[in-house]
Structures are given as C-alpha cells and as structure tokens.
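First to last, the protein sequences are chains A and B. Counting from 1, position 132 in the first sequence corresponds to residue 494 in our numbering; the numbering is continuous, with no gaps. Counting from 1, position 384 in the second sequence corresponds to residue 509 in our numbering; the numbering is continuous, with no gaps.
Calculated directly from the structure, the hints in this document are not laboratory data. Treat the hints with care, since some could be wrong.
[Claimed, not checked] Taking lysine to any residue and the SDA-like style, the derived pairs with C-alpha atoms no more than 20 Å apart in a straight line are: (1) Lys514/A x Tyr448/A; (2) Lys438/B x Ala486/A; (3) Lys358/B x Pro207/B; (4) Lys428/A x Gln683/B; (5) Lys438/B x Glu470/A; (6) Lys482/B x Leu509/B; (7) Lys387/A x Asp423/A; (8) Lys448/B x Tyr448/A; (9) Lys428/A x Met682/B; (10) Lys438/B x Pro467/A; (11) Lys437/A x Pro542/B.
This is what each chain is made of:
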Amino acid sequence: MLKIEHLTKTFGEHKAVDDLSLEIKPGEIYGFIGHNGAGKTTTLKSVVGILPFDNGEIYIDGTSIKADPLGCKRKIAYIPDNPDLYDYMSGTQYLNFIGGIFGVPTEELQKKAHFYANEFSLIADLDKAIGSYSHGMKQKLAVIGALIHDPKLIIMDEPFVGLDPKAAFILKQIMREMCDNGTAIFFSTHVLEVAEKLCDKVAIIKDGRLIKSGTMEEVKGDESLEEVFLELEE
Amino acid sequence: MNTLDSRARGKAPGGGGLGKTSGLLMTLIKKQFMELSTLFSMGKRRSKRGSAGGFAFTLILYAVIALSLGASMYALSESLSPVLLGHGEDWKLFVMMDILGIALATLITMFSADLTLFRAKDNEILLSMPIPSGYILLARMAPLYVIALMFTASGVVPAIMVYVNKVGLNIGIVIVNLIMLLALGFLSLALSAVLGWLVSLVNARMKGRGFASVIASLVFLGLYFFFYFQINKFTQALVNSSSAMADWIHKFLPPIYFVGLAHTGSVKGIILGLLTIAVIFGVIYFVLSRTFRGVVINASKTVSYKVGNGQLKTGSAAQVLLKKEIRRFTSSSSYMMNCGLGSIMMIALAVAAIIKKDMVVYGVDIIKRVFGSAPGLEAGLLALVIFLMVSTCYYTMPSISLEGKSIWILQSLPIDPMKIFMSKIKMEYILCVPGILILSIAIAIVTKMSLLSWLAAVIACLAYTTFTAFFGLWINMKRPSFDWTNEAYPIKQGLNPLICLFGEWLLTLVLGALFFLTAIFIPTEVYLLLVSLILLGVSFVIYRWLAGKGRQIFAYMQ
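Given the sequences, and given the hints that come with them, work out the whole structure.
Here is the structure:
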C-alpha cells in the first residue's frame with residue numbers, strides 16, 4: 363500500500379531524511395519511532411504530498427505521489443501532530459467540507475459521522491465552532507474527518523497526543539478494526555508502549571536514517587521496545 | 126556566560142538586566158516590529174535586501190498618502206488662516222487642525238486597534254510569562270503609534286507651516302510644535318485604543334463576534350463621511366462664529382485651549398497642553414492595562430455557540446470550497462471591513478445617486494463641457510468610479526495567507542489547486558458583482574444612459590473585477606505569509622495590500638487619463654471594450670501562471 367524508496371530530504375545543509383526505504387502492506391499497522399527532530403514528520407509529510415523531497419520515490423498503492431498526487435491523496439487520510447482546523451467552521455461544517463471533497467454521499471456521511479462522533483463522545487459538540495474546541499476535541503474531529511471517506515492508507519503524526527484515555531483506547535480499537543478490513547496505517551509516536559502493543563511492524567529512525575525496521579518480534583526480540591530504542595539511540 | 130547562567134543571576138541574555146523594565150519593554154517592542162518586518166520579507170526572497178526594499182517601498186507609499194492628505198489639509202489651513210489666525214488667538218487654527226488630524230489618525234488606526242492590541246494570537250503566551258500586562262499593551266501600541274503619528278501629522282504639520290509662514294521661521298516654535306506633534310500622536314493612539322477596547326468588550330459578549338466590529342466601524346465611518354461632506358458648512362459656521370466658538374472652548378474646554386495655545390509657543394500652553402495629553406493618555410493606558418488580561422482572555426475564548434443548522438450534508442467539491450470561503454469572510458470583521466467596504470460603498474453610491482439625481486447630472490454636464498460631449502461619456506465615468514470601488518474589494522489578495530496554519534488541510538486533500546483558486550475568485554465576484562449591477566443601473570437611469578453604453582460599462586467592470594481577483598491572488602501566491610499572529614497583518618499591513626490597492630488605483634488613473642485623452646477620437650463603448658479585452662488578456666496570463674507554476678507552488682507552500 364505504501365512503498366518508500368531511498369527517500370532523501372534536505373533543508374539547506376541539513377539532511378532531515380537520508381536514503382529511507384520501507385514498505386507497508388494492506389492491513390498493517392506500522393509504527394514510526396525516533397527522537398525529536400529525527401525526521402519522522404518530514405517523512406510523513408512527504409508521503410502525503412505536502413512536502414517536496416530531493417531524491418527517492420514514494421508509491422501509494424503502486425502510484426507515484428510525484429506522478430499523480432491527486433490520485434494518491436484520494437486514497438490517503440492524514441492527521442498532523444497539531445490539528446489546526448478551520449476555527450470559523452463548526453464540527454458539522456468541517457465534516458461536510460471533507461465529505462464534499464471526497465464525494466462521500468450524504469447518507470453515508472451522516473451514518474459514519476454519527477457513528478464516530480458517538481464513539482468519541484463528540485456528538486453534542488459537532489454544532490459548536492471549532493475555535494471553541496480543546497486540543498483533544500480538535501484531534502478527535504480530525505480523526506473523524508480522516509475516517510469518514512474510507513481511506514486505504516492512514517498517515518498519523520502523534521495521534522494520541524491530546525486525547526483523553528477513553529478516546530485513545532477507542533482510537534486504538536478503530537485502528538485495529540480498520541486494519542482488519544485492509545486499511546494500512548503508518549503513524550509516528552513517542553509512546554513506545556502503545557507502539558509495542560498496537561503495531562505489526564515498527565521502524566526506528568535516527569538523524570534521518572532508518573536504523574532498524576521489521577516485525578515487532580524482529581525489532582525487539584526478547585527485550586522491550588523501550589530498551590531496544592534506547593540502545594539504538596546511544 | 127551562557128544564557129541560562131545569566132538568567133539564573135537575574136540578568137537578561139545579551140547583557141541587559143532582566144530586572145530592568147526598560148530592557149523587557151524594549152524586547153517586547155522589538156518583537157512587535159520584527160513581526161511587521163517579516164511582512165516585508167515574505168515569499169521566496171527572505172533576504173535582508175528584499176526586506177529593506179519592501180520596507181522602503183512601503184514608506185514611500187505611506188509618504189505619498191500622507192503628502193496627498195497633507196496637501197489638502199494645507200489648502201484648508203490656508204483658507205482658514207485669515208479667520209482663525211490673528212487677534213492674539215492663533216491657537217484656534219491649531220485646535221481645528223489638531224482635531225482633524227486626530228480624527229483622521231483615529232479613523233485609520235481604530236480598525237487595527239482591536240485586532241492588534243487585544244486579539245493577537247500570542248497574547249496568551251505572553252500573559253503566561255512574568256511580564257506585566259501594561260508592558261504587553263505598550264509594546265503592542267508601538268507600531269500603532271507610528272501610523273497614528275503619521276496621520277496626525279497630515280493635519281497638524283500643514284497648520285504649523287501656515288503659522289510659520291505668517292509669524293516667520295522661529296526655531297523655538299518649530300521645536301515646540303514637533304514636541305506637540307509627538308504628543309498629539311499619543312492622543313490619537315489613546316483614542317484609537319479606547320475604540321478598539323470598546324469593540325473587544327462588545328465582541329466578547331456577542332455570539333456573532335466580528336459583526337460588532339463591523340457595525341462600530343461602519344458607524345464611525347458614516348460619522349466621518351457625514352462630517353467630511355459637511356465640512357464646507359462647518360467651515361462657514363466657524364468663520365461666522367469663530368470668536369464665539371473660541372470663547373466657548375476657552376471657557377468650557379480649557380484642556381483643548383491649552384493644547385492649541387501650546388503650538389504658539391506659550392509656556393503656560395506648553396506645560397498645561399502637554400499635561401492634558403499626558404493625563405488623557407495616562408488615564409486611558411491605566412484603564413486599558415488594568416483590564417487588558419480580562420479583555421484578552423474574553424477575546425480569545427470563543428463562545429461555545431451553535432453554528433449552522435447542524436445538518437450533515439455534502440455538496441460538490443466546488444460548492445464546499447465556495448462555502449468555506451464565504452464562512453472565512455463572514456467570520457472576520459477585519460476581512461469584511463477591509464475587503465467588503467467597496468461593495469457597501471457601491472450600493473450607498475447608487476442610493477445617493479438616486480437621491481441626489483440633479484447633482485449627478487450636473488457633475489456629468491460639467492465634465493462634458495470640459496472634455497467635449499463625446500457620446501456615452503457617462504459610461505466611461507461610471508466604469509472609472511466602479512474600478513476605484515472594486516479595487517478596495519481585494520478579497521483574493523490575503524486569501525492564501527489567511528489559510529494560515531490550516532493550509533495543510535487543502536494541501537493534503539485530493540483537490541486540484543485550481544479549484545481552490547477559482548473558489549477564491551468566485552468569492553470576489555460575489556462581493557463585487559451585486560454592487561456593480563446596482564450602481565450601474567442607478568447611474569444609467571439617472572443619466573439616461575443608452576443600453577449599449579451601459580452594457581459596455583458593465584462588461585468593463587466585470588473584466589476589471591476579473592483582473593483584480595487574479596492580480597490579488599497572484600500577489601499573494603508570490604508573497605505568502607502563514608506565520609502571522611494577527612490576521613490584520615495579511616489583510617491590511619505590509620507590502621501586499623499596498624501593491625494591490627495602489628497598483629490598481631494607479632491603473633485606474635492611467636485608464637482614466639487615456640479615456641479623457643482619446644474621448645474625442647474613440648467612442649466610449651469601443652474604448653471600454655478595448656480595456657475589457659486588455660484586462661481579460663492579463664487575467665488569462667495570470668490564469669495560465671496559476672494553472673502551471675501556481676499549482677506547484679501551492680502544493681508545497683508553508
């Protein structure tokens with residue numbers, strides 16, 4: 363579903379991502395971990411086509427993001443680390459906007475939006491201005507907006523930051539269900555326990571370079587993910 | 126010594142003592158001006174040279190505006206001087222011109238005061254730091270003071286020039302008047318800040334915030350224009366009863382008298398005049414700084430009110446994009462006031478034209494007499510007036526920058542950037558077309574314009590709207606800014622609005638000059654259609670640029 367080949371991105375003299383390659387198959391949850399400034403967000407932004415890269419190639423479901431960005435974006439949902447949404451819209455208006463862009467039929471939109479808003483306890487707040495939402499509420503709305511159009515690939519940058527424990531639990535459940543239905547998920551996190559429990563595969567990035575990747579068992583062996591991560595970071 | 130060490134010892138980084146309040150205040154003021162300076166180095170060229178060039182260009186443009194205003198104020202001062210100067214009551218001229226300068230400065234800065242002082246995005250983070258509220262307020266006031274001073278000067282300096290012409294050049298008088306000018310700038314600033322403060326207080330209690338600002342601004346504008354159009358009557362009344370009025374001010378408004386007297390070099394006037402200004406500014410600053418924290422918290426706290434009818438209903442991509450633009454526009458008082466005023470003015474002009482029908486016909490007749498009665502001349506005049514109005518509706522110009530930190534949404538969604546651009550262009554049509562039609566129909570009826578002339582004028586106006594929409598978008602694509610802390614910056618400060626507004630006015634001026642020069646040889650309708658073709662041609666060139674390079678730039682801009 364997602365194939366990154368030799369991705370390189372530099373900012374001036376600094377190589378933010380250096381020759382990074384990895385592949386995510388349908389139905390996989392792929393965790394992406396690394397220290398602050400390691401290159402996680404740069405990689406994720408390149409994947410969703412909002413950051414140009416210098417070398418390498420990114421394929422979404424076999425299509426190059428460079429060659430057909432719109433076609434690729436139709437299959438992706440992206441949730442950034444800081445969901446700056448349209449403060450001047452209500453939650454409902456935002457979901458209508460996303461639905462309109464993806465051509466989600468009204469009935470389907472209503473069904474899915476109600477379902478997910480109910481799950482995340484956001485139903486009572488959907489008609490309020492997004493400007494009045496807390497960080498967590500915005501994060502929930504961004505997640506709902508990402509789920510209503512049945513993406514094949516979900517890219518999430520620190521999705522659990524700002525979520526209350528219940529919402530985080532529900533999100534993990536939804537992520538698992540989506541993957542069971544064939545959706546691939548690629549997300550970055552600093553919460554190693556979550557990555558360890560949730561991910562099928564994991565990649566560790568340090569100073570822009572991929573230093574270890576594979577199934578959870580391959581990466582951590584008998585140790586905990588935290589121990590492996592700290593050893594690799596030294 | 127590193128920064129942490131210096132902080133630990135109570136000293137500010139860079140050698141200044143953290144405890145020194147002036148150092149703290151200067152840091153805040155520096156930050157405030159740094160925000161402004163980023164507006165002159167936006168886009169690709171983030172070089173110092175680009176920044177300095179942009180700043181110099183802006184200063185020149187502001188100087189041109191101030192000089193134009195100053196010239197008309199000088200003419201007014203000169204005409205009033207025989208009545209208001211002399212008889213030992215020279216202060217009367219200064220009182221009159223001080224009031225005009227302060228009113229002008231307040232009108233211009235009050236639109237920014239609410240946003241700049243109380244609704245800047247970084248207010249909360251600054252309030253969370255150990256900084257007295259008063260310092261934050263004072264630092265926010267600094268850039269406003271510069272603008273207020275410039276427009277106050279456009280009223281005060283001509284009066285000083287007329288006075289110096291009369292009494293002769295005296296260095297002492299010049300110095301005193303410069304000090305008074307600097308002080309009067311603070312008075313304009315104080316009045317503007319109070320109005321901004323009141324608007325913020327009202328806004329905080331309203332559901333549809335933003336509309337209070339618009340209503341307050343419209344009322345103030347209405348009063349200003351009422352006063353402006355009555356200036357002849359007012360001047361006449363002043364001439365007829367200047368002595369009585371002077372006695373009244375002397376008796377009942379001594380602070381105003383002292384401020385006026387100070388300009389003439391009277392020591393008593395200088396001391397009491399400056400004291401008056403200091404007391405007014407001090408009281409206002411005290412009240413505002415005391416209430417600053419509360420006003421800021423209320424301003425930033427968005428009331429949990431319901432928006433829309435709560436129906437989950439999708440539309441086409443083009444529909445939802447246009448709805449988004451409409452919501453963006455109506456959610457911001459600054460956006461509505463700065464980019465929608467022309468639409469209201471066109472409708473107001475249409476009403477005024479019908480009410481003052483004879484005046485319009487008389488005006489057109491005079492122009493016909495001067496430039497020869499070329500057939501359809503009214504249509505050309507109508508088009509030029511509408512061009513000027515449409516230029517003020519620069520909706521597309523800040524529209525990319527106003528996406529702000531939410532731009533990732535449009536970039537990550539599967540939408541062709543051209544659809545996004547076209548939704549912004551359509552919004553500019555929505556703002557301009559009703560006004561164009563209403564005003565053109567009103568003028569056509571009043572001047573008994575032929576259908577052909579009217580049609581040519583309307584086509585030219587629509588072509589001009591198309592041009593301004595594409596031109597504004599092009600400027601913003603070339604010079605975007607997403608790191609603003611206050612939406613007034615992309616809307617009306619920095620270089621973009623100046624290039625857009627004055628560039629378009631200059632174009633109108635050139636088109637107007639060519640129109641009058643060729644009116645005898647080229648029929649108006651032909652001239653208007655030629656202009657339409659040129660404007661549409663330029664619009665098409667920009668369209669091609671947007672469809673090519675613009676698309677690529679938009680996809681990755683941040």
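Hints and how they fare:
1. Distance restraint check for lysine 514/A and tyrosine 448/A: the Cα-Cα separation of roughly 25 Å exceeds the 20 Å cut-off, and the hinted pair is therefore not satisfied.
2. Restraint check: the Cα-Cα separation between lysine 438/B and alanine 486/A comes to about 17 Å, which is no more than 20 Å; the hinted pair holds.
3. In summary, the hint linking lysine 358/B to proline 207/B is supported, as the alpha carbons are separated by about 17 Å, within the 20 Å threshold.
4. A threshold of 20 Å between alpha carbons decides the hint, and for lysine 428/A with glutamine 683/B the separation of about 18 Å falls inside it, so the pair holds.
5. In summary, the hint linking lysine 438/B to glutamate 470/A is supported, as the alpha carbons are separated by about 10 Å, within the 20 Å threshold.
6. The hinted pair formed by lysine 482/B and leucine 509/B meets the criterion: a straight-line CA distance of about 19 Å does not exceed 20 Å.
7. Of the supplied pair hints, the one linking lysine 387/A and aspartate 423/A holds, its CA atoms being roughly 9 Å apart against a limit of 20 Å.
8. For the suggested pair lysine 448/B and tyrosine 448/A, the alpha carbons sit about 12 Å apart, so the restraint of at most 20 Å is met.
9. Proximity of lysine 428/A to methionine 682/B is assessed by CA-CA distance (about 16 Å); at most 20 Å being required, the pair is judged to hold.
10. Note on lysine 438/B and proline 467/A: the hinted pairing holds, with a Cα-Cα distance of about 8 Å set against a maximum of 20 Å.
11. For the suggested pair lysine 437/A and proline 542/B, the alpha carbons sit about 18 Å apart, so the restraint of at most 20 Å is met.
Going through the hint list in order, the structure does not satisfy hint 1, though it satisfies all others.
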